[in-house]
Each structure stands twice: as structure tokens, then as C-alpha cells.
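Protein sequence lines, in the order shown, are assigned to chains A and B.
Just so you know, my numbering puts 42 at position 42 of the first sequence, and the rest follows in order with no gaps.
Just so you know, my numbering puts 198 at position 198 of the second sequence, and the rest follows in order with no gaps.
Be careful, since some hints might not be right.
As the list claims (entries may be wrong) - Pairs of lysine to aspartate or glutamate, EDC-like flavour, derived with a Cα cap of 20 Å:
#1 B:Lys256 with B:Asp227
#2 A:Lys273 with B:Glu83
#3 B:Lys264 with B:Asp238
#4 A:Lys179 with A:Glu202
#5 B:Lys154 with B:Glu288
#6 B:Lys273 with A:Glu202
What the hints assert, rightly or not - Derived list of chain A stretches under chain B, where covered just means 3 residues or more per stretch with a C-beta under 8 Å from a C-beta of chain B:
#7 14–25
#8 254–268
Please keep in mind that the hints were generated in silico from the structure rather than gathered at the bench.
All C-beta atoms in this analysis are idealised placements derived from N, C-alpha and C, irrespective of residue type, glycine included.
2 protein chains.
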Amino acid sequence: MSKFSVNILGCGSAVPTAMHQPSCQVVDFRDRLMMIDCGEGAQTMMRRMKLKFSRLCEVFVSHMHGDHCFGLPGLLSTMALHEKGGHITLHLPAEGLGVMRNYISYFCRDTPFDIEYRPIPPSGGLIYEDHALSVEAFPLYHRLPCTGFIFREKPKQPHLRGDVLEFFKVPLSMRGAIKQGADFTTDDGVVVPNSRFVLPPEPSVSYAYCSDTMMDSRVAKAVEGVDVLYHEATYSNDMATQAREYGHSTALQAAKIAKMAGVKKLIIGHYSKRITNVQTLVDEAKKEFDMVIPANEGLKIDLL
Amino acid sequence: MSKFSVNILGCGSAVPTAMHQPSCQVVDFRDRLMMIDCGEGAQTMMRRMKLKFSRLCEVFVSHMHGDHCFGLPGLLSTMALHEKGGHITLHLPAEGLGVMRNYISYFCRDTPFDIEYRPIPPSGGLIYEDHALSVEAFPLYHRLPCTGFIFREKPKQPHLRGDVLEFFKVPLSMRGAIKQGADFTTDDGVVVPNSRFVLPPEPSVSYAYCSDTMMDSRVAKAVEGVDVLYHEATYSNDMATQAREYGHSTALQAAKIAKMAGVKKLIIGHYSKRITNVQTLVDEAKKEFDMVIPANEGLKIDLL
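Please model the complete structure; the sequences and the hints are all you need to start from.
Right under this line is the structure:
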């Protein structure tokens, strides 16, 4: 029940090429699917990666450039034909929500599921929460309003030690309270501290997504301490000037952010079509940060 | 200089599948490219088929279902990145033009080319004309306003017979008039009829596109006598009820229209995802009409 993974559906930039699809990822959290960005062709990649439309419940769009959202109308239309019921929430940049809603509403008039539109404030904040997961948005630094997202598992409950509960004859009705941190008083009036009954919970895992952005230390601050960071690495070192000009990062810059933020793993992607060998980017990033995973279409990365 | 061909970029219906892309064709007329419908993924197929973005000058959209137009915003965005200059005209169904223009205008703000939006009246009519080609729209019979398109080469000029011109010593300055049909009077006052000087021109070729539509004899009337007809054949015989219900045709019905219209060749396409073997459709169509070409992605059909 602790499944938490990221699927890469597209890790190219701007233009779909023979090598890469435009940006799209799907976070699979305990069998609920949450999409991050939705470039053209996302629906086809979902099918290829055997990610079920019926499990998709949230979509988060980082910014209103076509390579991050042009797949959305087609995805929803196809889902409507599959007669997926229920509810889907589209989290869209506040400034572009209206135009996207008008377009989708025109083409997807009678979907068998409800579509809810929620604006993402450019300043970020908590945008999604359930009993086990939260999603925060935070500002990125691109050519137009753009936010990154952090998916955080909520703290988990500790494991109960059956042998100790047994030893102190703790009644079943009290076990819930002990899981929440209560001590236990025996019939003799002895207080047994909670720590005797529990083992520490599994650590809660977090994943941050940063695309598109120029290198900015405020990004490192925002994603500080996450376990896995996806940071765009559109260009190689020799294109650092273009990176700055177009509001993008180099692989080395992505690695610097990963290091500053103290993350455990860095995934790079959003490759320029001019990058023909991703290994170049990996080599450049590794000069600053060792655990670099190059994104690739079809790749699934387990976070737990 | 008489190149006239149709490229099939997508011939599936509704949903992109592992087998087929949604509807898109490109008419190549003397090196000018004209797109008919633009399903998601059209830009990728253009690149695969080596059809140059810079040569695309007109797009005709038959109706406002997503599988016929969701590729348009991405195509235009990519063309903008390629810095294609000039002008592109989008011919869109009148009722859906506004919503598409709003969406495209939002995402494609600073294209290096002009985008002109021209409404296609649901009743049809002449919608494009240059010195060598005309395009007419005509009503189809689907679930919402939908038009087909006929591409007609204009009548060509006759070939001059050099040997006869020489024999009668026709001056160079008169040759243009003779090409236009003038007779020639010799110095002796003898009138030589025009027919002596010319050979008949190449025949003018026409191509009609009909997707999506239920079988309707008015369609046969509209495309009467065209050389090559593309007519949708979404379903096989055993799904005739669905065809009628969803405003589509079977392969046999497409063949009946081809026969009624007296065309030379029939191209079928817009296959339902439930059609796993297109040969079934071809076999069914051939019961009524012999010259059947099944559309397929990547196929180029010479009309001349």
C-alpha cells in the first residue's frame, strides 16, 4: 500500500521530435494517478505505458506553454469515449484557466465525469490534500508565470510491536490510541511510555517537479530536503547563454540546485531538440551531484 | 509542374491508437501544401513524412470534433519555432471559429507568420481559389455541422504544335492568343482554324474529401465526376446500425457513394478502433466498387 512512483511520458522540450515527446509525467500514488503537465500525445503515451485513464484523478499544469498542456483536450475527449465516470480536477495556472476551460468546455460537452477547474496562484501554496498526500505549488522563474509542484506523503503512523502489547496485556480497544502516541497504564498503575510499544514509521517520501525554470536559488530553497527532484536541464553547458535568455537551465545548473537543496536523487529532462546525446548532460550534472537519473519516455521511477 | 498528390497523415477515428492517428491529410499541389483536418499528432506525422512546414499555406477543417482539429494549436506553435514566415489561412467551420481562434491566439501570440481565419459556411461554396486550383466546401451529414472539400485543378491550356506553327510561319507574338483559342490568318488571307495548332491539354484532376458523414445521396451528387474520392468508412457491414446512429458510414456505403458519383478511385479511411483488419472493409467495398484504396499512415497517393 505504499506505492509511490513517477512515470515519464514525455521529457522533450517545445517540439515533439522523433526522440522525445513534450512534457508529461504521471505520479502513481497508491493507485491514484496524478498527471503533471500534459504535452501533445500524452494520451497515446498513457496507453503505451498501460496507465489506466480510469485511475487519473488530478492534472497539474505548470504553465501555459503549449508543450505543457496541448495534450489535455485530447486526453479528456478520449477519456469521455472510454466512459470513465467520477471526477477529474484540472489545476491550471490562474491566468490561463479561462481560455483552457472555454476550449475544453466546447469540445467536451457531455463527459461522463465532472471536470473541476482549480486555479493555481502564481505565488504557489497548498493546492491539493488528502489523508495521505499533499501537493504544494511554488514559483519557478520562466518567461511567464510558472509553478513547480511538491508531492509530499503525509507522516505515517508508527508500527505497533505486537510482542510488547501482548506482554503488557494492552486491550484491543486501546491500540488505536497507542498508535496515535498515548502511553499505557497497567492495572498496577505503572505508566509504560508509548515508545515501548512502537517502532518508527516508514519515512514519508517527497517528490518535486521543476519545469520550466532558469536556475534560481529560490527554487533550491523551495524544494529543500525533498527526496527526489525533477529539474529541467534543457541545455548543455555550451548553451548556458540560451538557457538564461529563454528562461531555462543547463544540466550543471540543475545539479547545483539539487546539491543546494540537499535532495537524494535528481531526475533531469526537458531536453532541447539540439541535445542528441543525453549522456553529455548527465556527465555535466555529475560534476556537481552524483545521483542523476536522465528522464526518458517509458521510464518508471519508484520513489519508495 | 503538375504535381498533385494526397498524403495520409492519419486515418483513424476518434481516438489515436497504436495502429492509427486521427484524421489528417495533406494535399500537395505543385509544392504548395494544403492540410485537410488536423488531428492530434499531425505535426509529428508531417515531420515523419518529410512534408515541410514552410510549404504549408492552407488548412481546412471539416468539423469541430477534436479528432479533426486538436493538432492545430501544436502544429502552429511548432511552425512558429521554425520561424516559418509568410501567411497561413485556417478555414474553420463558422460555428467553431471563435473558440479555436481564442485558443490559438492565446498560445501563438508572436508567430513569425500571419494567421488568417476564414469561416466555412455550413452550406458550403467556393472557399479557396488561385490561378490553378479551387477548393469548394459542401455539406456532409454528421452529428454537427460538417463539410467535405473538393480540390479541382482549373482547366489547363492546350499544348501548341511547334511543327504546325512553323509551317504557317505564325509569329511568336501571336502564340499566346493561339494558346487562348484564336484562329490564325495567313498573309494570303487564309483562316487556319485554332484546332490545327493545338493538342488537347492534360485533363484537370479533382479530389474530394468526405469525413465524417453518414451515407447520403446528396454527397454523391456533390462529388459527382471527381477523379478520386476519399470517403470515410468507419465501420464494417455488421456495424451498420452504429454507423447510422453516430453519423458515420460503412465501407459498403462508401463504395455505393463512389459508384453513384461515378468517380475513378475511392480511398477509404477513418477506421473505427474496432476495425482490426482493414482488408475486411476493402472486401466489403469491392462488392460495389472496384478501385478501392485503403488509407494508411504514410501513404502518398498521386492524383495525376
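Against the structure, the hints come out as follows:
1. B:Lys256 with B:Asp227: Holds: lysine 256 of chain B and aspartate 227 of chain B sit about 15 Å apart, inside 20 Å.
2. A:Lys273 with B:Glu83: Holds. Lysine 273 of chain A to glutamate 83 of chain B sits at ~15 Å (cutoff 20 Å).
3. B:Lys264 with B:Asp238: Violated - the C-alpha atoms of aspartate 238 of chain B and lysine 264 of chain B are around 27 Å apart, more than 20 Å.
4. A:Lys179 with A:Glu202: 14 Å, holds
5. B:Lys154 with B:Glu288: It is violated: about 30 Å lies between the C-alpha atoms, which goes past 20 Å.
6. B:Lys273 with A:Glu202: The given pair, whose Cα atoms are some 45 Å apart, is violated under the 20 Å limit.
7. 14–25: Held - the segment 14–25 of chain A has 5 residues with a Cβ nearer than 8 Å to chain B, which meets the minimum of three.
8. 254–268: violated (count 0)
Of the numbered hints listed earlier, those contradicted by the structure are 3, 5, 6, 8.
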